[in-house]
Structure formats: structure tokens, C-alpha cells
Amino acid sequence: GQNIDQPTEMTATEGAIVQINCTYQTSGFNGLFWYQQHAGEAPTFLSYNVLDGLEEKGRFSSFLSRSKGYSYLLLKELQMKDSASYLCAVRRGNTPLVFGKGTRLSVIA
Amino acid sequence: SAVISQKPSRDICQRGTSLTIQCQVDSQVTMMFWYRQQPGQSLTLIATANQGSEATYESGFVIDKFPISRPNLTFSTLTVSNMSPEDSSIYLCSVWGLTSADTQYFGPGTRLTVL
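First to last, the sequence lines map onto chains X and Y. Residue 2 in the working numbering sits at position 2 of the first sequence, with consecutive numbering throughout. Residue 27 in the working numbering sits at position 27 of the second sequence, with consecutive numbering throughout.
One or more of the hints may lead you astray.
When the alpha-carbon atoms are kept at most 30 Å apart in a straight line, the in silico DSBU-like pairs for lysine-lysine are as follows [unchecked claim]: (1) Lys68/X - Lys57/X; (2) Lys101/X - Lys7/Y; (3) Lys101/X - Lys76/X; (4) Lys76/X - Lys57/X; (5) Lys81/X - Lys65/Y; (6) Lys101/X - Lys81/X; (7) Lys68/X - Lys101/X; (8) Lys101/X - Lys57/X; (9) Lys101/X - Lys65/Y.
Below, a sample of chain Y positions facing chain X; criterion: calculated Cβ distance under 10 Å [as the list claims (entries may be wrong)]: (10) Gln28; (11) Tyr35; (12) Thr79; (13) Pro85.
Honestly, the hints are just simulated from the structure, not real lab data. Bear in mind that the values here come from a model prediction, so they are computed numbers and not experimental data. No residue lacks a Cβ here, since even glycine has one placed at the ideal position from N, Cα and C.
Please take these sequences and the hints and turn them into a complete structure.
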């Protein structure tokens with residue numbers, strides 16, 4: 001099976017930086033994905049890591065350590081529109097993604 | 001990328017009835033996936049729909065309750081049978097992108113409410 005853990009809720013201030021952590025346990029690891037999901041909408045892809053290290057895409061960065069089964073999503077210069085759920089998901093081999101429970105981020109003024 | 005459409009976008013149904021959700025993809029894909037997202041929860045995989053063979057169901061999901069069709073490489077249906085209020089969820093269709101380094105794409109979802 002696969003265990004994927006991430007915090008349930010986080011709150012951060014507009015303009016600040018927030019880090020959302022994700023830990024996982026799986027065999028046949030083949031990538032870790034982060035998605036953003038606004039209320040009432042489908043998840044949209046943010047980032048993908050399959051090798052250790054940091055991937056940067058504008059205000060969003062994602063880090064992976066395969067030996068530690070650990071990833072984080074870093075959001076910089078937070079905006080109100082970043083208030084959403086952030087879903088960590090793991091790919092095992094060629095199987096479909098398995099999702100964590102999601103972290104609901106609230107950005108406050 | 002892949003463009004996915006679903007019909008209906010939402011429905012309100014009576015207990016004991018069935019609803020069939022359609023998923024259309026703009027390119028040919030080998031596997032299509034059906035997920036469920038219950039209120040306030042994350043996504044749970046229901047089954048993988050393969051063209052030309054029976055769907056593969058995840059633990060806790062059975063064909064009698066969630067029959068799936070996959071008549072060709074761009075289309076699939078999921079039926080939610082004999083519905084109860086516990087089936088109220090968003091149902092999402094998903095496919096992998098076209099390259100090995102691509103991500104998994106999701107349709108807009110079907111929001112189902114069972115009374």
C-alpha cells in the first residue's frame with residue numbers, strides 16, 4: 001500500500017512564503033506530483049519531481065528527497081488567489097496517481 | 001496535454017436510481033481513470049478503464065455498483081448504480097498525458113447529489 005501524509009490545514013499571510021510538506025511510503029516510486037484545487041474545481045497540475053532536488057516554476061517550487069520519502073511545495077509571494085487545497089500525489093510504476101488527503105491553505109491579508 | 005470533457009457537469013438524483021457519467025478525451029489514450037472525491041476529502045481511485053478489456057477496480061469498489069464501459073480509445077462511461085446519499089460526490093475522469101514525462105490530467109468533474 002501507500003501512505004501519504006500532509007497537514008490538513010495551513011494559514012499564511014499575503015506576500016509571505018509557505019512550505020507544505022508531504023511524506024510518503026511506497027514501493028516502485030515513479031514520481032511525486034503536486035496539484036492545486038480550488039473549491040468546486042478539478043485539480044490542476046503544479047509540479048512533478050522524480051529525481052532528488054528542487055524544481056522551480058515561478059512562485060512555486062517543489063523539493064524531493066527519495067531516501068527520506070519527503071517532498072515539500074514552496075509558495076512564495078503569496079496571493080489571495082493561492083487560497084486552495086494542495087494535493088500531494090505519488091506515482092508507483094505506471095499506475096494512476098494516489099493522492100494524499102490534501103492541505104487546505106488559507107491566505108489572509 | 002489532454003483536454004477532457006465530462007457530462008453531465010452536475011445532477012441531483014433520487015435514492016435507488018442510477019446515473020451514467022460520460023468522459024470524452026481529445027486524443028487516443030490507453031488507460032482512463034475514474035476517481036471519486038467526497039465532500040471535503042481528497043481523490044480516491046475507483047477504477048482503471050482499459051479499451052478492450054474489463055475495468056480494474058480498486059479495493060472497496062465493485063463492478064455491480066460502478067459499471068464502466070470503454071468502447072474506444074477516447075471515451076468511457078461510469079455508472080453509479082442504485083444510488084444512496086453516501087454516493088454524493090464529485091466524480092472525475094483522468095488520463096495520463098501523451099509523453100512519459102507528462103502529468104495526469106483531470107476532467108472538470110461531475111458533481112452528484114443523491115437525495
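Against the structure, the hints come out as follows:
no.: 1; hint: Lys68/X - Lys57/X; result: 23 Å, holds
no.: 2; hint: Lys101/X - Lys7/Y; result: 26 Å, holds
no.: 3; hint: Lys101/X - Lys76/X; result: 23 Å, holds
no.: 4; hint: Lys76/X - Lys57/X; result: 11 Å, holds
no.: 5; hint: Lys81/X - Lys65/Y; result: 38 Å, violated
no.: 6; hint: Lys101/X - Lys81/X; result: 21 Å, holds
no.: 7; hint: Lys68/X - Lys101/X; result: 20 Å, holds
no.: 8; hint: Lys101/X - Lys57/X; result: 24 Å, holds
no.: 9; hint: Lys101/X - Lys65/Y; result: 24 Å, holds
no.: 10; hint: Gln28; result: 17 Å, violated
no.: 11; hint: Tyr35; result: 8 Å, holds
no.: 12; hint: Thr79; result: 20 Å, violated
no.: 13; hint: Pro85; result: 20 Å, violated
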